[in-house]
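Those protein sequence lines, which keep their order, are chains A and R.
Per numbering that gives the first Met the number 0, the very first residue in the first sequence carries number 0; after that it's consecutive.
Per numbering that gives the first Met the number 0, the very first residue in the second sequence carries number 0; after that it's consecutive.
Derived by calculation from the structure, the hints in this document are not laboratory data.
Here a beta-carbon is modelled for each residue, glycine too, at the ideal position from N, C-alpha and C.
Once the Cα atoms are required to be at most 30 Å apart in a straight line, the calculated DSS-like pairs of lysine-lysine come out as:
1. K365/A / K247/A
2. K279/A / K165/A
3. K376/R / K202/R
4. K322/R / K358/R
5. K360/R / K376/R
6. K322/R / K376/R
7. K272/A / K433/R
8. K325/A / K418/R
9. K40/R / K159/R
10. K418/R / K289/A
11. K433/R / K398/A
12. K272/A / K254/R
13. K433/R / K405/A
14. K237/R / K321/A
15. K310/A / K418/R
16. K321/A / K419/R
17. K279/A / K433/R
18. K279/A / K237/R
19. K254/R / K247/A
20. K419/R / K325/A
21. K237/R / K325/A
22. K325/A / K433/R
23. K318/A / K237/R
24. K353/A / K254/R
25. K395/R / K310/A
26. K310/A / K202/R
27. K272/A / K419/R
28. K398/A / K254/R
Away from chain R, derived, C-beta distances all over 10 Å, residues of chain A:
29. P105
30. S107
31. H108
32. F115
33. D130
34. K165
35. F179
36. T199
37. F202
38. Q223
39. D317
40. P336
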Amino acid sequence: MEAEGRVPGPPLPPPSLGSGGEAEADPDPPAGSPGAARGPLLAAAAEVLALDDEEDDLEVFSKDTSLAEVNSFSPSMPISPSSMINQYKFEDEPELRDLFITVDDPESHITAIETFITYRVVTKTSRGEFDSSEYEVRRRYQDFLWLKSKLEAAHPTLIIPPLPEKFIMKGMVERFSEEFIETRRKALHKFLNRIADHPTLTFNEDFKIFLTAQAWELSSHKKQGPSLLSRMGQTVRAVASSVRGGVKNRPETFTEMNDYMETFSQKINVLDKIAHRIYKEEREYFNEMKEYGPIHTLWSASEEDIADSLKGVASCIDKCCKATEKRMAGLSENLLPILHEYVLYSEILMGVLKRRDQIQGELDSKVDALANKKPEKDLFSEEIGKLEDKVECANNALKADWDRWKQNMQCDMRSTFTNVAENNLRYYEEVKHFLIAMLFFSLIISVKSMGCL
Amino acid sequence: MESAEAEPSDSRPEEDGAAPRSGLPPPEQPVATMEDCLAKKMEITVSEAEKRTGRNAMNMQETYTAYLIETRAVESQSEGQCAPVDSLWRRYSEFELLRNYLSVTYPHIVVPPLPEKRADFVWHKLSADNMDPDFVERRRIGLENFLLRVASHPVLCQDKIFYSFLTQEGGWKEMVNETGFQLKADSRLKALNATFRVKNPDKRFTELKHYSDELQSVISHLLRVRARVADRLYGVYKVHGNYGRVFSEWSAIEKEMGDGLQSAGHHMDVYAASIDDILEEEEHYADQLKEYLFYAEALRAVCRKHELMQYDLEMAAQDLTSKKQQCEELATGTVRTFSLKGMTSKLFGQETPEQREAKIKVLEEQIQEGEEQLKSKNLEGRDFVKSAWADIERFKEQKNHDLKEALISYAVMQISMCKKGIQVWTNAKECFSKM
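Same shape as in the complex, but just chain A (with noise of 0.2 Å):
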């Protein structure tokens, strides 16, 4: 399980920083000079430097940053099979994955009677049921909907991943706003990819009419489908029977998990807005910081000597905010959308788990029934037969589902908060850097070159 989709970068040539070259400062100044007399301040600043690793650090301050987008569904990354198995993190071999899916290029439709977006999907495959290899369709939103409740009701105790909302609440996002389609884009392709490297989903019909059929097509095979009224009725049957029971025979294991999703809920949830929170205190700081760097330049037009040092402090500053709009960036790019898929994933298994308790709960009630109906035994039994099959296949196909979820989850999230950790250490590193390089020849230097050393 460690393929973790990361794409390791070659190993980079000790690049020349910008400001010119930090090899070339010598950080020491040499021994007995008037330069020693500065004393601690130098020493401590000399220690900043001899303490770094030095060729690491350069790497990573000059790391490409395009590398880093290798975990984002951008949909500038060419479209072939092999670019698209490190585009995603899903441990299923890789190798073996036979249909690829992407999802872009958000349109706007505009008719008398409403506006929409429709994106297009794209799809790649070497399956024998497929027609063609090849694939391009346009789907809306709505469409996206009724796939996932067309695959809900075919398998009700399969774990369906998650589709983003329909509208977003919190925060000023417009319904169409840039931001908004972007994020909603990157949702639904994860939400197909995921329906792909589903064992059992993956060869859903309704999945590949979805991927192949035409706009009209896809219309016409809609309408073949139960009738809004017996899918409601669907609805109030399994909320009645849901009243009723499925509890009291509920098997230890399914106990255990809903338990844990009670819990694992709660704690995502938390998460969620933890790390919202995070964002809106790193955008904060951001704003304050953007106002720091310009007042040092303000400075530096009344003075003569420290002009140059007080230019030099400003551009760090400004330099500091810039990492600090990368380290937001990436926090919305990954953890953020991550944990808010696992928060409607937590939603989700809640359902399944009901919905296996109600099928259970069927098979409860015909059995109660049967025991006060002693003498119609036989007319019941085959009944009883069926429900008890329909039982045993939710519950093996849930318990397998189960387990899958929780190693995807596992290692969503182990590669999240590491990226998250790393997202971090790139800031840190970066802001040292220019920290330093600021403090020798902004600072000390320009000392130096006053003659006081």
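Dock chain R against chain A, hints included.
For chain R alone, coordinates are given in the frame of chain A:
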């Protein structure tokens, strides 16, 4: 270089003392060279602060803080010989009295400022209360800094009142008041008047005044934004502390992920806690900037004194000119300008020749006096400009040196903050990768 009479090695730049410029001082004022500065002959510290209660002038009970000043002579050839430490207690108001005395007595000197009376530019964590221990501690350091600045100033360190402030506990206040310095102080109103009406101030002082205004404005702005930045940074770090608790609770339901989560949570707690020390150190940087914020006021005071003297001079010259004119008019009998006297004499009859003679005599005496006064005022003014400008040059060098050192130590501190961050997140990353 000096022998081993080095100051205690806390790396504050103020201890070095700035090199005095060799501008020619007025002959009455003794000037010490670097080696003779009091700071080199005597160790001065403000080592403690203590809360006291007492009765004030209106016999009401009050609480105040007293500071312990310790001094010790530095013997130049001492080998293991330690001079005894003298000490006395002073409160902030006495420091204020000392500074007022110095400002009035040496108007051509940029007198070092005192640390702020009330906590200003605070961010939310610090309290603005004068009794708050953090504030008192920072003030103690500021007062020590003030004394060292004065002790290393070539002119100020020679002052007897300053020396007594350091060494004589009782009767010092009376001694200061006996100097009658309050009488010499220029009224605020007079100074303001001069500022608006002076015609030919030395251009350098006008520029200096603009500079001090700009310096004050930009440093205030900087300190305000810095306080807000500190506030936000505090928020970022502290929110991470929430991870610790949630990770711990989550780890309880996980089997393989549990350990990784739990230990990562611990590192997040460490991260959140680390901001307290960092911001504590940052306050020291803010204090260094604040000193120069207050120095701007001292600069302006010197400029105001110049304007006052120049205005005085201009008024005296004007007065002299008008008296000469009067004299001439009386002597020749011509009236060139309208005067009430002229009118009344026309209406009520001319004066007798004897009266006129008397008046001319008086005027001639006044003109004589006036010319002498003008000469000495001119001399005073020139001397003032010369010695003030010498101290201003000294100040400029000190300021450039100090500000640069402050920026350097700020950068070093920020670098150390980055290193701590790298440490914590490296540890956290390891824990996460083991989940």
